[in-house]
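Protein sequences appear in the order of chains A and B.
Just so we're aligned, residue 1 is where the first sequence starts under the numbering used here, counting upward by one.
Just so we're aligned, residue 1001 is where the second sequence starts under the numbering used here, counting upward by one.
Some hints here could point you the wrong way.
Stated by the list, open to error - Each computed DSSO-like pair below joins lysine-lysine, with the alpha-carbon atoms no more than 27 Å apart:
hint : chain 1 : residue 1 : chain 2 : residue 2
1    : A       : K73       : A       : K42
2    : B       : K1142     : A       : K42
3    : A       : K200      : B       : K1116
4    : B       : K1116     : A       : K73
To be verified - Coverage of chain A stretches by chain B, computed from C-beta distances (three or more under 8 Å per stretch; other residues unrestricted):
hint : stretch
5    : 46-52
6    : 98-109
7    : 145-152
8    : 190-203
9    : 209-221
10   : 251-265
None of these hints come from the bench; they were simulated from the model.
Here a beta-carbon is modelled for each residue, glycine too, at the ideal position from N, C-alpha and C.
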Amino acid sequence: MSFISHIAIGQYIPAESYIHRLDPRCKILITIILMIEIFMFKTFYSMLLWGIFLPIIIHYSRVPILAVLRSVKPIVIFIIFTSFIHLFGTTGRVLFAIGPLSVTAEGCVHAVTMSLRLIYLVLYAGILTLTTSPSKLSDGIESLMTPFKTIGFPAHEVAMMITIALRFIPTLFEETNRIIKSQMSRGANFNTGGLMERAKAYIPVLIPMFALVFMRADTLATAMESRCYRGGVGRTRMHPLTWSIRENIAMLFFLLLSVFVYFVDRKFV
Amino acid sequence: MSVFKVSSSKTRNLIYCSLFAGLITVGAFIRIPLPFIPITLQFLFTNLAGLLLGPILGATAVSVYIIIGLIGLPVFTVGGGLGSVLQPTFGYIIGFACGAWVGGHVAHRKESPSNKRLFMAGISNLAVLYLFGTVWYYFLAKYYLGTPKGIWTLFVFCVAVFIPGNLLSCILSVPIAKRLLPLIKVNK
């Protein structure tokens, strides 16, 4: 049996598209601004508009629509839960009543708007990670955080740590599975006994796991330093990020869109 | 020579933080199949990050884990992405980082911490974790969901249901930290 459920780390889907080719900095900036806008624009109509743009962006990113929709899965229960609260908890014009609970028209609109808002947040963020490889993402983050270096923020180190962690997450999963299996073959029992015994059964798994990590860290540190790694100062990139006319167009288009949605939102507020 | 400007320990500390962030991700997906509430090893690992790496590196490791989750990789137990800020449980995720910092401080006050100190470090980590988790949920419920919760409900849903599993993690992390502390070569 497997204790570790499968997760899709690095859901990146490689493809040739305009969205894929965009500079990661541009995509990250747009996503962050978009998230703030989704929060601030409160009307149902602005939600509707974001919904119209979503399939267009998905189409141009050439990512299978199912892959994008899959990112909603983890929050489905949360969405249903909040919808119910809004559906029954809002006062207003009563549409119908089930026992003591009454559904209002305002409640319906509220529930749909709130659910859509959550779904969009996840979907737009999903498009970012589906179309940007993890290494490009961390490059983009490093570059965007560089201004904060002046106040002592270790932008390069953070990006480096993200890259290393992403590289090693699948390896660590594999190793953990291997350790669990080898301890089981030595007779370790994870499934019977009281609370304490079951928890204790994990000690022979966890200690080799951490010991392996320490060993690996030493080896990797030596490997990096023998290749002259000495932090971010003076480090160059194999593929430098470029901000070209393509990114300018994307930014301009996005800003125009935002202004449009803003006016629609103001009109119906 | 500028090549030797960065000491070996700095690179190693950086790698420790990254690998611990990876370990926390793995821990979030190992489920101990207990009756009623299955627990994940997420808290155990964030606690160990504080106990083994010390306050600063421990909190850094957890923060790297949080950043990876926020940029959209599904490393949290409930997924990932900026949208997870709106999850009722996101307070616990911030609490993991602050808790690791507090736990690391308590544990590393002494050169070689005793079992009791390691356990108390875990408990103080837990207290910080619950504080963040509850406060986050309170504000989310009040201002976002529009359904404020009473103090008793908050206690039951945000603290009480998690106590058995987390307490077990605290106890479990004592022998593990005791065994591993001599192995780790962190230069603080």
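Self-check item: Hint numbers contradicted by this structure
Solution: 4, 5, 6, 7 and 10
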